[in-house]
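**Q** If you read the sequences in order, they're chains A and B.
Residue 1 is where the first sequence starts when you use this note's numbering, and the numbers rise one by one after that.
Residue 1 is where the second sequence starts when you use this note's numbering, and the numbers rise one by one after that.
Hint data in this document are derived by calculation from the structure and do not stem from the laboratory.
For glycine and all other residues, C-beta sits at the position ideal for the given N, C-alpha and C.
Among the clues, some could well be false.
To be verified - DEER-style ranges, computed between Cβ atoms:
{"no.": "1", "chain 1": "A", "residue 1": "Glu187", "chain 2": "B", "residue 2": "Val214", "range": "49 to 59 Å"}
{"no.": "2", "chain 1": "A", "residue 1": "Glu187", "chain 2": "B", "residue 2": "Ile29", "range": "31 to 41 Å"}
{"no.": "3", "chain 1": "B", "residue 1": "Val214", "chain 2": "A", "residue 2": "Glu28", "range": "23 to 33 Å"}
{"no.": "4", "chain 1": "B", "residue 1": "Arg415", "chain 2": "A", "residue 2": "Asn66", "range": "26 to 36 Å"}
{"no.": "5", "chain 1": "B", "residue 1": "His400", "chain 2": "A", "residue 2": "Asn124", "range": "55 to 65 Å"}
{"no.": "6", "chain 1": "B", "residue 1": "Asp341", "chain 2": "A", "residue 2": "Glu28", "range": "52 to 62 Å"}
{"no.": "7", "chain 1": "B", "residue 1": "Ile388", "chain 2": "A", "residue 2": "Asn389", "range": "54 to 64 Å"}
What the hints assert, rightly or not - Derived, one-sided and incomplete: chain B residues facing chain A with beta-carbon distance under 8 Å:
{"no.": "8", "residue": "Gly65"}
{"no.": "9", "residue": "Leu348"}
{"no.": "10", "residue": "Tyr350"}
{"no.": "11", "residue": "Ile351"}
Chain by chain, the residues:
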Amino acid sequence: MPIKNKRLSEEQYTHNFSEIHPPFENKEAALVEATRCLFCYDAPCIKGCPTRINIPKFIKQITTGNIQGSAHTIFISNIFGGGCSRVCPVEKLCEGNCVYNLLEEKPIEIARLQRWATDKIINNKTRVFERKPSIGKKVAIVGAGPAGLSCAHVLSREGVDVTVFEKESKGGGLMTFGIAAYKVTPEFCAAEVDFITSIGGIEIKYNSELGKNITLEELQKNYDAVYLGIGVGLANKLNIPGEELEGVVDAIKFIYDIRTNSLANIPVGNKVAVIGMGMTAIDAATQSKRLGADEVTMIYRRSESEKNCTQVELDIALLDGCKMQWLASPKEIIGENGKVKLLVCDVMKLGLPDHTGKPAPTPTGETIRLEVDMVIKATGQSPFVDLVNTYGLENIKGKISVKNKSQTNINGVYAGGDAVNGGKEVVDAVQAGKDGASAILSFLSDS
Amino acid sequence: MASLETNFLGIKSPNPYWLASAPPTDKKINVLRAFEAGWGGVVWKTLGSQVKNVSSRYSAINFHGGKVMGFNNIELISDRPLDINLKEIVEVIKEFPDRAMIVSLMADNNKQSWHELIKKVEDTGAHGIELNFGCPHGMTERGMGAAVGQDPEIAKMVVEWVMEAAHIPVITKLTPNVHSVVPTGKACVQAGTNALSLINTIQSVTGIDLDTLVPNPYVGGKSVFGGYCGPAVKPIALKFLATISQNEITNKVPVSGIGGISTWKDAAEFLLLGASSLQVCTAAMTHGFRIIEDLCEGLLSWMEEKGYNTIYDFIGKSVPTLTHWEDLDINYHHVANINQDKCIHCGLCYIACEDTSHQSISITQGNPYNTYSIKEEECVGCNLCQLICPVENCITMIEHRVAPEYLNWKEFQARGLPLNDH
Ligand SMILES: Cc1cc2nc3c(=O)[nH]c(=O)nc-3n(C[C@H](O)[C@H](O)[C@H](O)COP(=O)(O)OP(=O)(O)OC[C@H]3O[C@@H](n4cnc5c(N)ncnc54)[C@H](O)[C@@H]3O)c2cc1C
Ligand SMILES: Cc1cc2nc3c(=O)[nH]c(=O)nc-3n(C[C@H](O)[C@H](O)[C@H](O)COP(=O)(O)O)c2cc1C
Chain A
1 MPIKNKRLSE EQYTHNFSEI HPPFENKEAA LVEATRCLFC YDAPCIKGCP TRINIPKFIK
61 QITTGNIQGS AHTIFISNIF GGGCSRVCPV EKLCEGNCVY NLLEEKPIEI ARLQRWATDK
121 IINNKTRVFE RKPSIGKKVA IVGAGPAGLS CAHVLSREGV DVTVFEKESK GGGLMTFGIA
181 AYKVTPEFCA AEVDFITSIG GIEIKYNSEL GKNITLEELQ KNYDAVYLGI GVGLANKLNI
241 PGEELEGVVD AIKFIYDIRT NSLANIPVGN KVAVIGMGMT AIDAATQSKR LGADEVTMIY
301 RRSESEKNCT QVELDIALLD GCKMQWLASP KEIIGENGKV KLLVCDVMKL GLPDHTGKPA
361 PTPTGETIRL EVDMVIKATG QSPFVDLVNT YGLENIKGKI SVKNKSQTNI NGVYAGGDAV
421 NGGKEVVDAV QAGKDGASAI LSFLSDS
Chain B
1 MASLETNFLG IKSPNPYWLA SAPPTDKKIN VLRAFEAGWG GVVWKTLGSQ VKNVSSRYSA
61 INFHGGKVMG FNNIELISDR PLDINLKEIV EVIKEFPDRA MIVSLMADNN KQSWHELIKK
121 VEDTGAHGIE LNFGCPHGMT ERGMGAAVGQ DPEIAKMVVE WVMEAAHIPV ITKLTPNVHS
181 VVPTGKACVQ AGTNALSLIN TIQSVTGIDL DTLVPNPYVG GKSVFGGYCG PAVKPIALKF
241 LATISQNEIT NKVPVSGIGG ISTWKDAAEF LLLGASSLQV CTAAMTHGFR IIEDLCEGLL
301 SWMEEKGYNT IYDFIGKSVP TLTHWEDLDI NYHHVANINQ DKCIHCGLCY IACEDTSHQS
361 ISITQGNPYN TYSIKEEECV GCNLCQLICP VENCITMIEH RVAPEYLNWK EFQARGLPLN
421 DH
């Protein structure tokens with residue numbers, strides 16, 4: 001059976017894409033968990049959070065019934081605290097550092113508690129922050145993703161008037177268009193953006209694309225400073241024969257479609273190969289399976305110990321029934337009538353560490369052939385090389401170069417998030433937005 | 001096989017656990033259920049002139065996720081007709097002749113009322129009487145309860161009236177709402193009481209509803225001071241009990257220990273400080289009569305482990321270890337030690353010591369885990385770090401005597417030894 005949509009019933013789609021990390025059902029459950037927290041000093045969990053949320057404090061505030069204070073503690077460090085509670089790979093961040101791990105006990109469910117503290121506040125758009133009076137400065141931000149909006153919120157709090165230019169018709173960036181559908185709902189993403197902008201002083205101009213209907217020069221001329229939070233683009237090319245065949249798709253595009261269409265409209269193959277072993281690859285694989293693909297195989301050129309995803313993520317894929325093909329590197333895609341039919345991979349072996357520090361895979365000379373009808377490319381995303389070169393922004397292969405965390409080579413132009421780091425997590429982008437905002441604030445007060 | 005059998009002034013019970021005078025003992029159905037569950041005896045809910053109660057009646061203190069660390073009530077003595085109570089007492093004794101049946105009394109404040117009440121109770125076949133001199137609310141306004149227990153002269157007078165009429169053992173229950181229970185205890189012993197029991201509840205305000213601004217328990221927009229009991233009061237009860245066990249006049253009579261007993265460990269502690277029977281109220285009210293099972297089993301297995309055959313082998317054993325501060329050995333010294341293999345790096349010991357004690361723990365920053373170690377030369381051995389450490393036996397206190405010989409404060413001063421220099 002070829003690539004097609006409507007493989008499942010409505011109920012099956014709903015079931016397969018229901019939330020993977022459900023919230024606490026009631027206050028008692030949240031309190032039982034919150035009370036377990038030891039309230040560590042100089043807490044390891046905080047050190048695991050790129051935005052340094054004061055976790056013991058917000059959990060303590062849940063136990064004392066000060067929910068609004070708890071939300072404030074979270075949002076003052078991370079305005080995407082609600083989204084992060086759903087999408088952060090906490091097993092390698094805060095929860096991974098929880099001291100209970102050292103007792104071989106379940107770590108505190110920090111993410112779930114964070115969600116408990118923030119959900120109602122976001123939905124009711126409760127006023128958590130008072131914006132300082134306008135200081136008469138204007139900043140343009142490009143990209144309404146986590147980096148851009150986090151920067152916007154800090155600036156607005158400090159009385160700066162912010163205009164955000166976003167090429168899509170919705171805010172949230174990859175939070176809205178990239179994260180697996182079973183982690184965040186589109187409704188939540190929209191509510192989160194509304195909550196962030198509800199502070200006032202932030203205007204988002206949608207369908208405005210830098211390099212298309214706006215230029216950097218215009219922004220520099222009309223604003224006191226510019227922040228670029230444009231993220232990265234589509235998936236890297238495989239650069240192997242057969243890449244142009246029908247049925248070879250880009251993971252980012254595939255997931256974008258899942259996030260913007262009704263699930264039944266998303267076509268998926270019968271036998272799917274996903275190339276890569278990072279978070280995006282996992283999401284592409286699990287969601288293919290959940291859309292009704294019979295067989296999903298993840299292809300990775302190194303072995304399990306070198307994987308880029310966390311064990312928790314890998315387990316999701318394994319539990320979904322995805323197969324893992326370790327030590328295999330795509331060599332060629334063979335088609336029939338212009339459509340994908342076979343994926344040929346080199347069997348690899350590991351050698352000495354390469355420039356990434358991981359053992360370098362080299363072909364053994366053997367190959368394997370997988371019968372597939374769809375190949376999803378998920379081996380990292382390509383930065384917007386052309387765009388950044390057009391404006392003379394110093395960069396490394398498209399990743400914008402910055403000093404002091406966010407300053408580009410152009411005076412008054414700052415950048416952060418995936419656009420700079422090449423693609424990490426939402427929480428890293430949020431911190432980058434904060435760093436950008438503080439750099440811009442000192443730039444504004446100096447000029 | 002160790003045995004929990006108890007003989008208190010000739011009143012026998014299969015174990016030392018009696019239910020204290022309170023709602024669990026206020027009617028036949030409860031008491032029968034308690035005896036079926038295995039309780040050794042009951043002190044029947046206080047009888048006197050019938051009263052009327054209000055609604056609501058109870059409030060509580062919760063702590064760090066745990067419910068009812070402390071319990072508070074504004075109930076009075078029995079609000080059921082005296083005749084019914086007496087009839088039910090007879091019936092219960094008949095069904096469970098091997099259990100202790102003590103009846104708590106609070107008569108009107110004259111000799112005749114006491115004599116009449118005692119006669120009626122003795123006619124039921126009850127094994128003993130407990131005089132309620134401790135109820136801290138409602139009754140005091142009428143010159144009864146704590147008002148009697150707070151004034152040694154009045155207490156003595158009432159006990160004398162009682163002793164004129166009583167033929168069965170009399171236990172006088174003391175109120176803790178005094179600076180010291182010893183003066184009243186002494187007066188009651190001198191007036192002839194056969195035994196003492198303590199403590200009754202402690203006057204309290206448990207909290208205020210932050211919406212209505214009315215303290216709890218709430219009674220139509222108002223509240224009153226209540227009587228506090230439950231686990232929170234155990235340390236206070238133990239202290240009062242110890243003072244009774246130390247005093248040469250009060251320690252001549254047996255004592256029934258009450259106040260916050262919830263586990264067999266609490267029970268062992270009351271016995272070690274001189275109680276020879278135990279009374280329980282809140283623990284039963286919060287978990288039901290079934291708690292008697294572990295109260296007995298836990299105590300028995302501890303006794304077997306320690307080689308005690310009966311409770312009489314260890315009653316009062318800890319009393320001599322409570323001394324005066326000025327007799328403590330100043331040359332005794334211990335310092336904290338952190339077992340680095342057990343440490344989970346929570347930093348609680350560090351911040352407590354650094355902010356509030358003696359700055360005796362050093363911190364070495366790590367990512368994500370800091371390392372904490374004791375500065376032995378600074379450590380005064382206060383125990384704070386060990387008390388708050390969440391891991392058992394991670395912080396231990398290790399003896400480092402200053403000098404081998406015993407040295408108390410008086411001697412220390414007499415020798416003109418130096419005080420701390422920083
Ligand atoms: C499939 C997938 C799954 C992921 N899963 C997780 C996860 O589970 N947990 C997690 O923490 N992270 C996850 N991430 C990573 C995370 O989404 C990103 O790190 C984060 O969104 C980066 O934020 P950003 O603001 O830098 O960029 P983006 O979120 O990419 O936002 C950039 C914004 O800029 C806009 N933009 C781009 N170019 C222009 C232009 N020229 N003009 C105007 N606007 C422009 C874009 O439309 C977008 O709105 C995932 C990423 C992918 C691709
Ligand atoms: C609701 C309630 C009613 C009580 N009524 C009486 C009473 O009528 N007579 C009495 O002597 N003590 C009464 N008490 C006090 C208990 O007998 C007991 O002394 C006190 O609760 C301490 O024990 P505990 O900590 O085990 O509860 C009452 C206690 C409670 C909680």
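**Q** None of the hints should be skipped; say for each whether it holds.
**A** Hint check:
1. A:Glu187 - B:Val214: 49 to 59 Å: 42 Å Cβ-Cβ, so the 49 to 59 Å window is violated.
2. A:Glu187 - B:Ile29: 31 to 41 Å: The hinted range 31 to 41 Å is violated for glutamate 187 of chain A and isoleucine 29 of chain B, with Cβ atoms some 56 Å apart.
3. B:Val214 - A:Glu28: 23 to 33 Å: holds (25 Å)
4. B:Arg415 - A:Asn66: 26 to 36 Å: violated (55 Å)
5. B:His400 - A:Asn124: 55 to 65 Å: holds (59 Å)
6. B:Asp341 - A:Glu28: 52 to 62 Å: violated (36 Å)
7. B:Ile388 - A:Asn389: 54 to 64 Å: The hinted range 54 to 64 Å holds for isoleucine 388 of chain B and asparagine 389 of chain A, with Cβ atoms some 58 Å apart.
8. Gly65: Given a least distance of 3 Å, the restraint on glycine 65 of chain B holds.
9. Leu348: Holds - the Cβ of leucine 348 of chain B comes within 8 Å of chain A, reaching about 6 Å at its closest.
10. Tyr350: holds (6 Å)
11. Ile351: holds (4 Å)
When each numbered hint is compared with the structure, violations occur for hints 1, 2, 4 and 6.
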